[in-house]
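2 protein chains.
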Amino acid sequence: MFKLHKALEEKIHVTELPTSIIKFEHQYKACPWLLVIPKIENKGNFTDLTLEEQQKLMVEVALASEVMEELFRPDRLNIAMIGNKTPQLHVHVICRYENDPNWPDTIWNKSVEPMSKREAETMVTQIKALFAEKYYG
Amino acid sequence: MFKLHKALEEKIHVTELPTSIIKFEHQYKACPWLLVIPKIENKGNFTDLTLEEQQKLMVEVALASEVMEELFRPDRLNIAMIGNKTPQLHVHVICRYENDPNWPDTIWNKSVEPMSKREAETMVTQIKALFAEKYYG
Numbered sequence: 003m004f005k006l007h008k009a010l011e012e013k014i015h016v017t018e019l020p021t022s023i024i025k026f027e028h029q030y031k032a033c034p035w036l037l038v039i040p041k042i043e044n045k046g047n048f049t050d051l052t053l054e055e056q057q058k059l060m061v062e063v064a065l066a067s068e069v070m071e072e073l074f075r076p077d078r079l080n081i082a083m084i085g086n087k088t089p090q091l092h093v094h095v096i097c098r099y100e101n102d103p104n105w106p107d108t109i110w111n112k113s114v115e116p117m118s119k120r121e122a123e124t125m126v127t128q129i130k131a132l133f134a135e136k137y138y139g
Numbered sequence: 003m004f005k006l007h008k009a010l011e012e013k014i015h016v017t018e019l020p021t022s023i024i025k026f027e028h029q030y031k032a033c034p035w036l037l038v039i040p041k042i043e044n045k046g047n048f049t050d051l052t053l054e055e056q057q058k059l060m061v062e063v064a065l066a067s068e069v070m071e072e073l074f075r076p077d078r079l080n081i082a083m084i085g086n087k088t089p090q091l092h093v094h095v096i097c098r099y100e101n102d103p104n105w106p107d108t109i110w111n112k113s114v115e116p117m118s119k120r121e122a123e124t125m126v127t128q129i130k131a132l133f134a135e136k137y138y139g
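Residue numbers (this note's numbering), protein chains in the order written: chain A, 3 to 139; chain B, 3 to 139.
Keep in mind that the hints are not guaranteed to be accurate.
[As the list claims (entries may be wrong)] Derived Cβ-Cβ restraints for the label pairs, each shown as a range: (1) A:Ala134 <-> B:Ala134: 45 to 51 Å; (2) A:His7 <-> B:Tyr137: 42 to 48 Å; (3) A:Glu100 <-> B:Glu123: 35 to 41 Å; (4) A:Glu55 <-> B:Asn111: 46 to 52 Å; (5) B:Ala131 <-> A:Pro89: 27 to 33 Å; (6) A:Glu121 <-> B:Asp107: 23 to 29 Å; (7) A:Glu71 <-> B:Met3: 24 to 30 Å; (8) B:Glu123 <-> A:Ala134: 49 to 55 Å; (9) B:Lys87 <-> A:Val114: 14 to 20 Å; (10) B:Ala131 <-> A:Thr127: 50 to 56 Å; (11) B:Asn111 <-> A:Phe74: 22 to 28 Å; (12) B:Tyr137 <-> A:Glu100: 52 to 58 Å; (13) A:Asp77 <-> B:Arg120: 26 to 32 Å; (14) A:Glu54 <-> B:Glu135: 20 to 26 Å.
Calculated directly from the structure, the hints in this document are not laboratory data. For glycine and all other residues, C-beta sits at the position ideal for the given N, C-alpha and C.
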């Protein structure tokens, strides 16, 4: 049965879509950041998914990207599947700005300041509302 | 008309598929690394593609991933669209190993030793052959 990895379970819940669970990563104050986690057992790499699962996942990654672009107007979206530390397949969708502290490097180049719980919750409320509108509306 | 960004043009050519050009990045000695670049004008973010273009691109990213997995048996594949420095949309497909110098961090966390031209060319020959087999075979 599908079960979220502990490191992903701990993140703030945003919404659940047909193929994935969406979580919010508050680790980088300057950059709103989602995690898109396919609800499929024992998957680590993208190529562990069937073609159909890959396509369904990427449709939801694109939806998550559109939500973030519409709300937070990034200069660039970084989309990445890394999973070196957390082996369960998950896709990072990160808003980047030309004036954010790590620009133009990745958010992984150096340590970054996290958001406060309150900032994160405010963003998550906005994100939830836009997912509801785009997905069910 | 579609034109490769100079920074991508300079990379070692591997092959051309219906939707993308595949290049080899020799920047990290420990980790064979491909770039999958959709041949579509003026695209920066994944969401700038139509759904059909997204799906065609990801089919070729999965093919590139399979080629790299089969040849180089990574412990983990990192797949990422960053584009902060090179604005033309391109997808990194990077073989990672639990004993590579940056593990478990991303390859972007610290500077890495590049491959020699000869090592890179040997790998590119193998990669070309397997693409030809998988794609045309």
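Non-conforming hints, listed in increasing numerical order: 2, 4, 12, 13
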